[in-house]
Amino acid sequence: MSHAFIELDRVRLRYREGDDLALEQTTMSIREGEFVAVVGPSGCGKSSLMKLVTGLMPPTEGNVIVAGQEVTDPISIVGMAFQASTLLPWRTTLDNIMLPLEIVQPHRSRLRKHKAEYIEKARTLLAEVGLSGCEDKFPWELSGGMQQRANLCRALIHEPRLLMLDEPFGALDAFTREELWDALQSLWMEHKFTVILVTHDLREAAYLADTIYVMSKRPGRILVRRENELARPRTQDTSFTPPFVDLVHELRDEIRSVRAS
Amino acid sequence: MSTEPAVRQPPAPSGPMPPAARRKKTMGRRLAEHDATKKAAPWVATIGLFVVWEMICRGFSVPEYILPTPSASFVAVWQYRDAIWLHAAQTLYTTVAGFIIAVVFGVLLGALVGSSKTIYDALNPMLIGFNSVPKVAVVPILVMWFGIGTVPAILTAFLISFFPIVVNVATGLATLEPELRDVLRSLGATRMDILVKVGFPRAQPFFFASLKIAITLAFVGSVLSETVASNKGIGYLMMSASSKFNMPLVFAGLMVIAVMGIVMYEIFNRIEMRATKWATRG
Ligand SMILES: Nc1ncnc2c1ncn2[C@@H]1O[C@H](COP(=O)(O)OP(=O)(O)OP(=O)(O)O)[C@@H](O)[C@H]1O
Ligand SMILES: [Mg+2]
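Chains A and B, in that order, give the protein sequences.
Mapping the first sequence onto our numbering, position 245 (from 1) lands on 312, and the numbers just tick up by one.
Mapping the second sequence onto our numbering, position 276 (from 1) lands on 280, and the numbers just tick up by one.
FYI, nobody ran anything at the bench for these hints, they're computed from the structure.
Note that the coordinates shown come from a computational prediction; the quantities given were computed from them, not determined experimentally.
A hint or two may mislead.
Result set (PhoX-like, lysine-lysine): computed pairs, CA atoms no more than 20 Å apart in a straight line [said to hold, decoys possible]:
id : chain 1 : residue 1 : chain 2 : residue 2
1  : A       : 182       : B       : 201
2  : A       : 204       : A       : 188
3  : B       : 281       : B       : 216
4  : B       : 248       : B       : 236
5  : B       : 201       : B       : 139
6  : B       : 216       : A       : 204
Now the in silico label distances, taken between C-beta atoms and shown as ranges [to be verified]:
id : chain 1 : residue 1 : chain 2 : residue 2 : range
7  : A       : 99        : B       : 194       : 27 to 33 Å
8  : B       : 273       : A       : 200       : 33 to 39 Å
9  : A       : 128       : B       : 194       : 26 to 32 Å
Where is the CB? At the ideal position from N, CA and C, for every residue including glycine.
Input sequences plus hints: build the corresponding full structure.
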């Protein structure tokens with residue numbers, strides 16, 4: 068267990084005194100570089116789990132340990148992206164992606180002197196997700212899928228060791244979504260950060276994750292931990308193979324039984 | 005203002021459009037096509053007002069000491085142009101001076117109020133209370149402290165115009181999307197970082213919108229103060245003209261204030277449109 072990158076030990080979370088628990092007895096252990104997906108019914112505490120791991124909220128009981136340190140304040144080795152792309156409308160795409168560099172050390176102090184180098188890096192990252200040529204466009208000039216690609220770039224520009232994604236593709240059409248799975252998978256295979264992905268889409272979880280956690284209804288608890296050994300890189304073809312289809316069915320049954328209980 | 009994706013916006017109504025809406029739409033298109041008509045509209049409306057006013061005065065033989073005709077008022081503007089110029093310059097000066105103080109103070113206070121819930125709760129009742137006090141009641145106090153003339157006029161303009169700036173700046177800062185705040189906080193952003201990188205740029209459209217309101221209010225303040233306690237400015241000019249029953253000059257003063265107000269409003273309107281292009285997505 069000492070090799071774990073992220074450790075949640077019997078964590079409980081209550082938003083307000085007198086409220087029901089949002090998370091109950093949550094225990095997780097995540098290796099560095101692991102791609103984790105969390106699925107569960109709406110309102111079960113998935114977003115709350117993200118806030119706990121990133122230190123945006125303290126646990127009511129229990130411990131959260133990330134990279135060997137107990138989390139008490141927001142940790143700065145993390146990049147985040149949400150369903151609503153939070154790009155700033157007054158900045159160009161390139162400037163949006165550079166935002167974390169203006170905040171996170173050591174980039175913050177180096178940015179002015181090494182501007183060209185950082186801009187190059189941002190352009191490379193944009194190219195990796197197929198957004199070359201959009202650097203000087205404003206976010207509202209991009210399509211929803213393009214905005215989400217840019218959002219991913221912004222979450223990754225400062226090379227975080229941990230990427231937190233809260234339903235990042237939820238608002239996209241199925242076709243664009245599957246394109247972005249490939250984009251994310253190749254980014255991950257290239258840069259080898261740890262990912263926690265919250266999703267409603269079981270195929271998405273099966274396509275991307277090494278490990279899938281299924282949570283119960285509120286108060287949220289981890290019910291099932293399912294390893295996913297399908298070979299990488301997974302492709303659209305993988306998603307039609309029997310092992311993939313079986314996995315999705317298995318997850319669907321789990322979720323169905325959770326919701327019925 | 006929003007950074008939301010298009011999908012969150014309400015879906016466009018489907019099915020046949022109701023007849024009223026359709027009529028409106030074609031009317032709108034016609035207006036947009038006739039750009040010249042659009043430009044001329046305010047002038048036509050203003051001239052129309054003067055014509056109706058003139059006709060009423062003449063048709064009902066309204067005596068000049070009750071309501072002078074616009075033509076008589078225009079004649080008065082020309083006849084007293086030297087005095088009007090002098091007093092208008094004074095009013096413009098006190099107004100702009102008060103307005104500038106209001107902008108500086110309003111932004112600082114707005115930033116303070118908008119960036120902390122505690123400060124907001126602490127100051128809100130005081131601000132509302134202060135804003136509810138009729139400023140005409142404050143002028144005598146200012147006169148006691150600073151004597152009559154320029155200073156109370158500047159201060160009244162300031163006092164009456166800073167409130168909308170505070171409210172708008174504070175609103176712009178306080179309505180930051182929680183998800184964006186989370187993203188920034190998880191990067192280790194300090195309060196100051198959030199304020200500078202996101203808060204202020206985001207509050208800009210709110211700020212510029214408030215300037216338009218503030219500048220017109222500043223005119224109200226300075227003229228009010230000049231009317232009560234000054235021997236300079238358009239307010240004083242009107243006061244002294246009315247004591248001599250020179251109604252055309254009173255109305256000439258009113259028109260000059262109105263014109264100054266419109267010009268200043270338009271200036272800030274243009275600045276707003278230029279500075280916040282992104283907010284209108286164009
Ligand atoms: N800021 C808050 N204050 C109080 N209660 C909250 C707050 N945020 C979430 N909750 C509660 O905590 C529970 C878990 O919420 P959370 O947002 O983590 O759910 P979720 O699993 O992300 O749901 P969804 O899939 O719909 O996004 C919910 O029942 C919700 O009512
Ligand atoms: Mg959620």
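Against the structure, the hints come out as follows:
no.	hint	result
1	A:182 to B:201	holds (18 Å)
2	A:204 to A:188	holds (18 Å)
3	B:281 to B:216	holds (17 Å)
4	B:248 to B:236	holds (17 Å)
5	B:201 to B:139	violated (37 Å)
6	B:216 to A:204	violated (30 Å)
7	A:99 to B:194: 27 to 33 Å	holds (28 Å)
8	B:273 to A:200: 33 to 39 Å	holds (35 Å)
9	A:128 to B:194: 26 to 32 Å	holds (29 Å)
This entry does not satisfy hints 5, 6, going by the numbered hints stated previously.
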